[in-house]
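Take a look at the letters that make up each chain.
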Amino acid sequence: MATPLHDDICQLVRDPINVAALVHHVRAPEDGAIFTFDGFVRNQSHSRATLYLDYEAYETMALAKMREIAAQLHEKYKIHRVAIAHRLGRLQIGETSVFIAVSAPHRAAAFDACRFAIDTLKRTVPIWKKEYFEDGAVWADGELPPAPAATPHAKPAS
Amino acid sequence: MATPLHDDICQLVRDPINVAALVHHVRAPEDGAIFTFDGFVRNQSHSRATLYLDYEAYETMALAKMREIAAQLHEKYKIHRVAIAHRLGRLQIGETSVFIAVSAPHRAAAFDACRFAIDTLKRTVPIWKKEYFEDGAVWADGELPPAPAATPHAKPAS
Amino acid sequence: MATVSQSISLKVLFFGRLKEIVGHAEESLASTDAATIEQLFALYAARHPELAKFRPSLVASRNQEFAAWDTPLHTGDEVAFLPPVSGG
Amino acid sequence: MATVSQSISLKVLFFGRLKEIVGHAEESLASTDAATIEQLFALYAARHPELAKFRPSLVASRNQEFAAWDTPLHTGDEVAFLPPVSGG
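Chains as they are written, first to last, in the working numbering: chain U, -19 to 138; chain B, -19 to 138; chain L, 87 to 174; chain E, 87 to 174.
In case anyone wonders, no lab produced these hints; they're calculated from the structure.
Incorrect hints may appear among the rest.
[Claimed, not checked] Counterexamples of contact, computed for chain U against chain B with all Cβ distances above 12 Å:
id	residue
1	Leu(-8)
2	Glu36
3	Ala117
4	Pro132
[Claimed, not checked] Quick list of the computed label-pair ranges, beta carbon to beta carbon:
id	chain 1	residue 1	chain 2	residue 2	range
5	U	Glu75	B	Ala88	17 to 23 Å
6	E	Ala138	U	Ala88	31 to 37 Å
7	B	Ala129	E	Ile107	22 to 28 Å
8	E	Gln125	B	Thr40	20 to 26 Å
9	L	Ala138	U	Ala1	41 to 47 Å
10	L	Ala116	U	Gly116	36 to 42 Å
11	U	Glu75	B	Ala29	39 to 45 Å
12	E	Pro135	B	Asp(-5)	38 to 44 Å
13	B	Pro(-4)	E	Asn149	30 to 36 Å
14	L	Ser91	U	His86	57 to 63 Å
15	L	Ala138	B	Ala88	32 to 38 Å
16	B	Asn(-2)	U	Ala88	25 to 31 Å
C-beta: ideal position from N, C-alpha, C; glycine also.
Go ahead and model the full structure; you've got the sequences and the hints to work with.
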């Protein structure tokens, strides 16, 4: 797990995400650019009208993975601060499920970092979405996180 | 000049940009993703401490060019709504000079459109920034907009 | 070379549709037959045959890190079986 | 083929450092010597020699569209000389 060297925010919340507070946190006089991503509940999925969503997470691991993403952003890009929040529980149409804000002195770094963050979050953070429709509910199609194929020094199973 | 076919906002303002109102405008139940870019006044430029900035524009042309950018975004990307605002006049450190918000059903389109919008704005919209320091003021280095090299059917000058 | 099987205590977590199949999110297990994550999964697949078909579309974690299926387990480990993630 | 020079009325705009050199942002001009944007610029460069050195780093617009320097001008046109832009 990455140690938080930087003044970042990574959080899982059950109440509405406080988007303004996250932007405020990353915004500093030495910056000039902030990109944000706001992911929120669409009113339909594959042309079926969505009623609402439930999000669940492997909370301790999800937080650790979110902190890893923030740490990676600092390694890869010349950015200043990162805020990543994901909401859990029941979400209605239009409610924000994930919000990411990245500040930087120059826009290119903030931009690339913001995209890397949301793409990596969707691929590696253990959170699951169940979609509720008039006629039933399904677990959303997801992405299989990349996991080691074999333990480097695994003893053969007896 | 592009006709506003879409429910976009393009504005030049002298008061602080109302970021929340712009995000609210582009945010609709059929969307799932919004990217925003917030460009604001940094406390230094080329390692000189900035006091404040003055922005001026060729206002009618700048608005027309901003509307062209919005129209191009709809042609190039599967997005829903665009809001682009630029502030003019004197701006203090930390104040937002430009804000762009793009909504879309899916994040990739919103992301690419948001980046295209700010990159194109910085290259083609007739706005100029004067930077004030303790020991003087300079017009910021800028980018030369692409202009036609020659008129296609120009009559030779007599 | 024969290995003496010792009983190890594990915390095992299920998420998403796996939780619905198993009927709960979390359990403690003491077993002599779970030397690796793969073997642990096999124990549950024996109890809940429907689990087996999800095996190709799962990843596993050990102590909150993604882990290979041949990862050896030790007493006190926390193991989770994770369907494709769909956060965001 | 000789062209009869007619006086045309133009609105001419200056921005950024050009405005500072010329001393104002906007003026109305009636001239027989501004058949093209290039010629119009030459008139101002004659009045304000410092302008000439900025010519390579300017673009021009006619009626709020970027325009080539050889663009012919007509009465009523609005022409602007634009330094490198630095919005954002």
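Exercise for the section: Could you see if the CB distance from E:Gln125 to B:Thr40 stays within 20 to 26 Å? Expected result: holds (24 Å)
Handout entry: Satisfaction of the hinted span 31 to 37 Å by the C-beta atoms belonging to E:Ala138 and U:Ala88
Key = holds (35 Å)
Problem - Status of the given 30 to 36 Å range, CB of E:Asn149 versus CB of B:Pro(-4) - result: Holds - the Cβ-Cβ distance for B:Pro(-4) and E:Asn149, about 32 Å, lies within 30 to 36 Å.
Exercise for the section: Could you check the hint for me, namely that E:Pro135 and B:Asp(-5) are 38 to 44 Å apart, CB to CB? Expected result: Given range 38 to 44 Å: holds, Cβ gap about 40 Å.
Handout entry: Beyond 12 Å from each Cβ of chain B, as asserted for U:Glu36
Key = Per Cβ check, U:Glu36 is outside 12 Å of chain B; nearest 19 Å; holds.
Exercise for the section: Indicate whether the distance between the beta carbons of L:Ala138 and U:Ala1 respects the range 41 to 47 Å. Expected result: holds (46 Å)
Practice task
Go ahead and decide if the range 39 to 45 Å is satisfied by the Cβ distance of U:Glu75 to B:Ala29.
Solution key: holds (42 Å)
Practice task
Kindly confirm whether 22 to 28 Å is satisfied by the beta carbon distance between B:Ala129 and E:Ile107.
Solution key: holds (25 Å)
Problem - Beyond 12 Å from each Cβ of chain B, as asserted for U:Pro132 - result: Answer for U:Pro132: holds, closest chain B Cβ roughly 35 Å.
Practice task
Could you say whether the range 17 to 23 Å given as a hint is met by the Cβ separation of U:Glu75 and B:Ala88?
Solution key: holds (22 Å)
Practice task
Could you see if the CB distance from B:Asn(-2) to U:Ala88 stays within 25 to 31 Å?
Solution key: holds (26 Å)
Problem - Whether U:Ala117 stays farther than 12 Å from all C-beta atoms of chain B, as the label says - result: holds (18 Å)
Comparing the model with each numbered hint stated earlier shows that all of them hold.
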